[in-house]
Each structure stands twice: as C-alpha cells, then as structure tokens.
Amino acid sequence: SQTIHQWPATLVQPVGSPLSLECTVEGTSNPNLYWYRQAAGRGLQLLFYSVGIGQISSEVPQNLSASRPQDRQFILSSKKLLLSDSGFYLCAWSTSGHTEAFFGQGTRLTVV
Amino acid sequence: DAKTTQPNSMESNEEEPVHLPCNHSTISGTDYIHWYRQLPSQGPEYVIHGLTSNVNNRMASLAIAEDRKSSTLILHRATLRDAAVYYCILSAGNQFYFGTGTSLTVIP
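Each protein sequence line maps, in turn, to chains A and B. Under our numbering, the first residue of the first sequence is numbered -1, with each subsequent residue one higher. Under our numbering, the first residue of the second sequence is numbered 505, with each subsequent residue one higher.
Among the hints, erroneous ones may be present.
[To be verified] Partner residues aside, some chain A positions facing chain B, computed with beta carbon under 8 angstroms:
| id | residue |
| --- | --- |
| 1 | N30 |
| 2 | Y32 |
| 3 | L42 |
| 4 | L45 |
| 5 | A64 |
| 6 | R66 |
| 7 | S94 |
| 8 | G95 |
| 9 | H96 |
| 10 | E98 |
| 11 | A99 |
| 12 | F101 |
| 13 | G102 |
| 14 | Q103 |
| 15 | G104 |
[Claimed, not checked] Reference excerpt, derived from the structure (chain B facing chain A, CB under 7 angstroms, subset only):
| id | residue |
| --- | --- |
| 16 | G547 |
| 17 | F602 |
| 18 | T609 |
| 19 | P612 |
These aren't lab readings, by the way, just hints derived from the structure by calculation. The beta-carbon is built from N, C-alpha and C at its ideal position, and this holds for glycine as well.
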C-alpha cells in the first residue's frame, strides 16, 4: 500500500534561519507531489507541485523553494525564514488531478 | 485558480443526513470535483470525487448539478466523527485548489 511520510511534526525556528522539510512517498512510482501551507484558521494554499524529478511549478511567489531530487522525495526549503512563513505545511501526492490525493500529517512551523 | 464557494459553517444533529453545498460557477469541462475533510492539526482526508455523474462510496454521496456549476456532498447519517472542515475542490490539470471550506458541527 502507498504511504506518505512527512517530518518533523513540529518545528520552531528563529527568523533568518534556514528551513528544510522533507516528504517521501512509498508504494507508488512517478507520483505528482504537492506542498501546501495552511495559516491558522484558513484554507490550504498550494505552494508548489511537481509532476516529475526536477520539475517544479511554483504557485505563489514567496520566500520558499522546492526540489524533487528523487522520484518519491519532495523537499521544501528556505534560506532565511520570515515571521510570515509560520503555518501548517502539508505534503501530498496523487497519480493525477483526476484521482484522489493523499496527504501527510503535516509540519507545524513556528518562526520566532 | 479554480474557485469554489461554500458556507463557512453548518450544524447537523447526530444520525441525521447532512447536505453540504458548493458552488463552482467557473468550472471548466475537464475539472473534477473533489471533496476532502480535515480534522484539527491533521492532513485532509479524501472523501469523494466525480466529473459529471453522481457518485456514491462508503463515506458519502456526491450530487453534481446538470450544468456542473454546483455540487452537494451528502452524509447519509452524521456521526460525531464526521465533525470536521469539509473542502470542495476543483482539480485543474494536476493541481488541487482548496477554498476556505465548511466547518461542520454535529450535535449529539
């Protein structure tokens, strides 16, 4: 069966520090991969999606970047965190936009 | 972005049916309609999706209007575990765009 792993579950980082969040998927090949951010009490904002290794589409200009070094690995990064980067970050995968998406358990990032 | 409009909140009595509406007047012919639900501090959970025809699964039913500009998620018998934020989403190509969702409260 397919599973998605996302870590860490919680993270507290100072302003200006770097960030690296990792997401891995098991049990499927060539998945579409997604990074979402959810501000407190808000809906999910699509940040990045990837349809293959090295292929990244950015939805929102921001202080973040994404990379897909392997087929089932998706990394969200920042060189210098801002207070506004705080939020609940979710990784997801699907086989296409026409099938269901599966979400990880999320990382709650607090920038202080 | 594909847009959906949902009521901010709804209430239902336990063991009664719940009809959660969604408007998507700008839907294109190839957009699928998805529904997900989210509990606090958890990732969203898939509920159901469809293109044109009504759909049923073990969790819920999805009724899609003939013009596809609206849809309704039907929970046949609400339980306390169904209390969550429900998101109606249009999938455009490979992307899933979430709106603000409907917070469903189930009253015992």
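Here's how the hints hold up against the structure:
{"no.": "1", "hint": "N30", "verdict": "holds, 5 angstroms"}
{"no.": "2", "hint": "Y32", "verdict": "holds, 7 angstroms"}
{"no.": "3", "hint": "L42", "verdict": "holds, 4 angstroms"}
{"no.": "4", "hint": "L45", "verdict": "violated, 11 angstroms"}
{"no.": "5", "hint": "A64", "verdict": "violated, 14 angstroms"}
{"no.": "6", "hint": "R66", "verdict": "violated, 13 angstroms"}
{"no.": "7", "hint": "S94", "verdict": "holds, 6 angstroms"}
{"no.": "8", "hint": "G95", "verdict": "holds, 4 angstroms"}
{"no.": "9", "hint": "H96", "verdict": "holds, 5 angstroms"}
{"no.": "10", "hint": "E98", "verdict": "holds, 4 angstroms"}
{"no.": "11", "hint": "A99", "verdict": "holds, 6 angstroms"}
{"no.": "12", "hint": "F101", "verdict": "holds, 3 angstroms"}
{"no.": "13", "hint": "G102", "verdict": "holds, 5 angstroms"}
{"no.": "14", "hint": "Q103", "verdict": "holds, 5 angstroms"}
{"no.": "15", "hint": "G104", "verdict": "holds, 5 angstroms"}
{"no.": "16", "hint": "G547", "verdict": "holds, 3 angstroms"}
{"no.": "17", "hint": "F602", "verdict": "holds, 4 angstroms"}
{"no.": "18", "hint": "T609", "verdict": "violated, 15 angstroms"}
{"no.": "19", "hint": "P612", "verdict": "violated, 25 angstroms"}
Violated hints, in rising order: 4, 5, 6, 18, 19; the structure is consistent with all others.
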